Amino acid sequence: MEGYLGSYATLGLLLLAGVLFLAAAFGANRLLRPARPANPPGKTEAYECGLDPVGGDWAQAQIRYYVYAYLFVIFAVEAVFLFPWAVIYADPGFGIAAVVEMGIFVGVLALGILYAWRRRVLRWT
Amino acid sequence: MSVLLAQGVEVTAGEAWTFWLLAPIAVIGALGMVLARNAVHSALWLVLTMLALGVFYVVQSAPFLGLVQVVVYTGAIMMLFLFVLMLVGRDAADSLIETLRGQRAAAVLVGGGLAALLATGTYRWLEGTPAAGLAEANAEHGGNTEGLANLLFSRWVLGFELTGALLIVAALGALMLTHIVREPGERLSQPEQMRARFAPGNYPAPKPGPGVFATSSSNTTPAKLPDGTASPRSISPILPIRELTAAEAADKETER
Amino acid sequence: MTTDFQLPAIDYQAISPLLILFGVACLGVLVEAFVPRPARRRVQLGMALVGVLAALGAVVLLAGTNVVTAGGSVTVDGPALFMQGALLAFGVVALLLIGERRVEPGGAFVAQPAITVGSEADQRQASAPGATEVFPLAMFSLGGMALFIAASDLLTMFIALELLSLPLYLMCALARRHRLISQEAAVKYFLLGAYASGFFLFGVVLAYGYAGSVDLAAIHAAVDTSQMNPALLYAALALIVMGLLFKTAAAPFHVWAPDVYQGAPTPITAFMAACTKVAAFGALLRVTYVAFERLAWDWLPVIGVIAVLTMLVGAVLAVTQTDLKRLLAYSSIANAGFVLVGVLAVGRTGASSAMFYLVAYGFAVLGAFAVISLVRDREGETTHLSRWAGLGRRSPLVAGVFTVVMLALAGIPLTGGFTAKFAVFSAALEVGEGWLVIAGVVSSVIIAFPYLRVVVMMWLSEPSESTATMVAPGLLTGTALGIGALAVVGLGVVPGPVLDLAHDAALFLR
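Chains as they are written, first to last, in my numbering: chain Y, 1 to 125; chain F, 1 to 256; chain Z, 1 to 510.
So here's chain Y without its partners, still in its complex pose (with noise of 0.2 Å):
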C-alpha cells in the first residue's frame, strides 16, 4: 500500500467493498422477500385517458438545454487549464507573467459568456 499506485489500491479496495456491501443487501433482501409478485387483473391496463398508450415515451428536449450544457463544456475545459496553472502559478520566474496569461485565456473565454448574455441566452422564458 504505498507508491504512486498505492493510494489508488486503497480507493479500489474501498469500491470492491461498496460494491459487496450493495450486492449483499440486494441478495438478503431477494432472499427474504416473499417471491408473490401481485398481479390483479386491470394492473397492466391503459389508465384515466381512455387512449392506449403507443410508441415509445421519449420525449424531445427543448434545444436550449443544449446551449447550457455546451457553455459548460467550455467552462470544463477552462477548469482543467486552470489546475496545472495553479500548482506553478507561484513558481520563480512565473509570477505576473502566468496571471497574465491566464488572465488572456479566461478573458477570451469571457467573452463567450458575455455574447450569451447579451443575446439573452441566459434568460429563462
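Source of the hints: derived by calculation from the structure; they are not laboratory data.
As the structure is a prediction and not an experimental result, all values here were calculated from the model.
Among the clues, some could well be false.
[As the list claims (entries may be wrong)] Here are the simulated SDA-like pairs of lysine to any residue, each with C-alpha atoms no more than 25 Å apart in a straight line:
no.: 1; chain 1: Z; residue 1: K188; chain 2: F; residue 2: V84
no.: 2; chain 1: Z; residue 1: K188; chain 2: Z; residue 2: F202
no.: 3; chain 1: Z; residue 1: K188; chain 2: Y; residue 2: Q60
no.: 4; chain 1: Z; residue 1: K188; chain 2: F; residue 2: L82
no.: 5; chain 1: Z; residue 1: K188; chain 2: Y; residue 2: I63
no.: 6; chain 1: Z; residue 1: K188; chain 2: F; residue 2: L85
no.: 7; chain 1: Z; residue 1: K188; chain 2: F; residue 2: A115
no.: 8; chain 1: Z; residue 1: K188; chain 2: F; residue 2: L80
no.: 9; chain 1: Z; residue 1: K188; chain 2: F; residue 2: G112
no.: 10; chain 1: Z; residue 1: K188; chain 2: F; residue 2: L100
no.: 11; chain 1: Z; residue 1: K188; chain 2: Z; residue 2: V316
no.: 12; chain 1: Z; residue 1: K188; chain 2: F; residue 2: G102
no.: 13; chain 1: Z; residue 1: K188; chain 2: Z; residue 2: L312
no.: 14; chain 1: Z; residue 1: K188; chain 2: Z; residue 2: T382
no.: 15; chain 1: Z; residue 1: K188; chain 2: F; residue 2: R104
no.: 16; chain 1: Z; residue 1: K188; chain 2: F; residue 2: L87
no.: 17; chain 1: Z; residue 1: K188; chain 2: Z; residue 2: V255
[Said to hold, decoys possible] Selected chain Z positions facing chain Y (Cβ under 10 Å, derived; list incomplete):
no.: 18; residue: L30
no.: 19; residue: E32
no.: 20; residue: F34
no.: 21; residue: A114
By construction, the Cβ of each residue, glycine as well, lies at the ideal position given by its N, Cα and C atoms.
Once you've looked at the hints, dock chains F and Z against the given chain Y.
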C-alpha cells in the same frame, strides 16, 4: 504482455491486473458503442470506454490526464452527446438504405483494413522500444502536473491561448445555430395577446386538439367537429393533412 | 524547480499580423454583444477591413524577416510572409463580398440561423438584415489560416487547422436562400473535416513517436538520427499529408468540395476557394519541404499520382457539370492538382511557382464568385448554366469581367492563369518531372472546354425568357470585381514583380 513489459520499467502486478481487467471492458465498450441499435445505449457504452481509458492514464502515472479524461470527456462531453441525442429523439434511426451500391461493404473493408494496418503496424514498429519512464521528466519540476504546467505556460503558451479562441468560436457557433433571439417588443404582452384574441375576425375559443373525436391520435389527423366534418383549425398549418387508409380508420378496439 | 524559469521570448512584431487578426476577431465578438443591431454590420465590416488591412501592412513591414518565435511555435520566413500577404489580400476581397447587402436585401446570410427552415418565422425573416457574427467568424478563420501557414510545429499547426476550419463549417450553414442545402453542406463539411483532422492528429502522434518532438525542424533532424523504425515515419507522413490534402481538395479526398461549394453562401464559397487553398498549400509546402524533405524521393511518386489523379478527376468531372458553382468546385479540384505539380518540383523554383499559382488562382476565383453572386432571379442566385445563355448581350460589362476570369482559369495567354500554369509546368520540367507536365497539359486542355462553353453561351446565345438578370453590383461587390479583374489581367501582362517577389520569398527557414 510485451507492450506492457517494456524494458527498463518494471510493471507491478497491480498494474498488469488493472490492465487485463479493464482492457477487455474498454474494447467491449467500444464495440458496444458501434453496434448498439439505440443511440443512448451507444453513448453509455462510450462512457464505459472513456472511464476505462481514464483509469489507464492514472495507472500509467499520468494522473492529470486521467482527471481530464474523467472531468471533460466522461463528464462534460458525454453530457453534450446525451443532450444532442435528446434533441434528435431516441427513436430517430438512421436510414440504412445505401445510396451508393456496396458502399457499406467497401467502407467496412477499407476502414477495417486501415485499422488493422495501423494497429499491427504500431505494435510491430514500437516493439522493443525502450521505455524512458516518467521519473526523470517528473523530477525536473517536482511532479507530473507541475511538469505539464511548465510546458503549457511557456513553450506552448501560444497554442494555449489559441485554444481559448477555438472554444469561443465553438460557443459562438453553438449559440447562433440553436438560440433564437427575440428582440424586446417582439413577444406580445398579456393584454396585447388578449386584445388580439378578441379582435374581430379571430375565433377566441381554444382550437380543438388534433385527433379529438378522430380515429387516430396522430397530430396530423384533424379533429372532428360535432357535425362530423374535419376541422382544419386543429392542426398546424405546416403539417400536411394526413389521408387515412382504410386500415387506419378502422376500429381500434379501444372503444369498449 | 531546479531551473529558474524563463518565459520564452516572444517577438511580438513578428507575430503582429496574427495578433491583429485575433484581436479584431475578439473585438468583433464584443461588438456582437454590445453594439445595437442596426449599427452592427457597419461597425463589423469597417473593423474587419481595417484589421485585415493593418495585418497586411504588418506583413509588408516584416518583409525579409527570418525568425522562429513564440517558444518555437511560429516561423516567420519568406514563404510564410508571402502567403500570409496573399491570404490577407484575398481576405479583403472576400470581406467585401461578405459585407455586400445591396445585391440581395439583407445580404447573403440568414438573419437567425436557429429558426426552423420553412416555418412561419423563417418566412418573416426572409429579408431581415443578415447575421453579423459572420465577420468575427471570418476573422478567426483568417487568423487560423495565417497561423497555419507559419506554424513551425505540428501541434500548433493542428490548433490552427481547427481554428480555420471551425468557423468555415459554421459559415457554410448560414445561407439566406436554399437553407437546407446550406445546412447539409455544413454538416458534410464538418463530418469529413473532423475525419481529416483525426487523420492529421494521428499522424502527429506517430511523428512524435518517431522523432520525440513535434517540431518540424526536429523531425527533419531525426530522419537521419532516430533509432526508431522508419515505418513509423512513413505512416506519420502519410496520415499528415492526407489531412492536409483534404483541405486542399485533392483527389481522392475531394468529394466534399462540390456539395460544400454549392451549398455554402457564395461569399463564403469564394472565401474558401481562395483563402483555404492558400492556407492548406502553405502548410503542405512547409510540412513537405521543412520536415520531410529528406524523404522526398519516397513521397514524390505517391503525391505525384495524387496530383495527376486530382487534375484529371477535376477536369473530366468539370466537363459534365451544369451548375456553375459545382463547375467551379471541380475547377478548384483541378487547380489543386496544378499547384501540387509546383509543390512536387521540390526546390526554390517549385515553391515559388506554387505560391504564384495560388495568387493567380485566388484572384480569378474571387472574381468568378463575385459575378455569380450578381446573376439572380426571384429565387436568388441562378447558377444553372442554361440560365446564363445570352447574359453577355444584357450586361456586357460584368459578363466581360466573367469572361476575363474564365479565360484566366482556362490559362489563356495574357492572363494570370497562363503565367501561373507556365511557371508551374516549367518548374516541374526543370526537375525532370515530365510526366506531371504531360498530365497537366492534357487536363488543362480538357478543363478549358467547360470554361469556354460558359463564355460562348454568354456571348453567342440570344437572351431568352429564361435568361437570368444581372443585378447591378453595389460598391462592395463592384470593388471586389474590379480588384479581381485587374489582378488577373495584371498578373498576365506584367507578372514580373510578383514572380520575383515569390522567387525571393521562396526559401523556408528550418
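Evaluated hints:
Distance hint between K188/Z and V84/F is fulfilled; the C-alpha atoms sit about 17 Å from each other, no more than 25 Å. A hinted pair counts as satisfied when its Cα atoms are at most 25 Å apart, and K188/Z with F202/Z qualifies at roughly 21 Å. Proposed proximity of K188/Z and Q60/Y is supported: the alpha carbons are some 24 Å apart, at most 25 Å. This hinted pair checks out: K188/Z and L82/F have alpha carbons roughly 21 Å apart, not beyond 25 Å.
Taken as a hint, the K188/Z and I63/Y pair is honoured in the structure, with Cα atoms around 21 Å apart against an allowance of 25 Å. A distance of roughly 19 Å separates the Cα atoms of K188/Z and L85/F; the hinted pair therefore holds under the 25 Å criterion. Using a Cα cut-off of 25 Å, the hinted pair K188/Z and A115/F holds, with the two alpha carbons roughly 23 Å apart. Simply put, K188/Z and L80/F have alpha-carbon atoms about 20 Å apart, close enough for the 25 Å limit, and the pair holds.
Taking the CA atoms of K188/Z and G112/F, the gap is near 22 Å; set against the 25 Å cutoff, the hint holds. Distance check on the hinted pair: K188/Z and L100/F sit about 16 Å apart at the alpha-carbon level, within 25 Å; holds. Using a Cα cut-off of 25 Å, the hinted pair K188/Z and V316/Z holds, with the two alpha carbons roughly 23 Å apart. Of the supplied pair hints, the one linking K188/Z and G102/F holds, its CA atoms being roughly 20 Å apart against a limit of 25 Å.
For the hint linking K188/Z to L312/Z, the alpha-carbon distance of about 24 Å falls within 25 Å, and the restraint holds. The hinted pair formed by K188/Z and T382/Z meets the criterion: a straight-line CA distance of about 23 Å does not exceed 25 Å. Distance check on the hinted pair: K188/Z and R104/F sit about 18 Å apart at the alpha-carbon level, within 25 Å; holds. Distance restraint check for K188/Z and L87/F: the Cα-Cα separation of roughly 19 Å lies within the 25 Å cut-off, and the hinted pair is therefore satisfied.
A C-alpha spacing of about 10 Å is found between K188/Z and V255/Z, which places the hinted pair at or below 25 Å, so the restraint holds. At its closest, the beta carbon of L30/Z sits 6 Å from a beta carbon of chain Y; the interface hint therefore holds under the 10 Å criterion. Interface hint at E32/Z: satisfied, since its Cβ lies 6 Å from the closest Cβ of chain Y, which is below the 10 Å cut-off. Against a cut-off of 10 Å between C-beta atoms, the interface hint on F34/Z holds, since the closest Cβ of chain Y lies about 6 Å away.
This hint holds: A114/Z has a C-beta 8 Å from the nearest C-beta of chain Y, less than the 10 Å allowed.
Every hint from the earlier list agrees with this structure, and none is contradicted.
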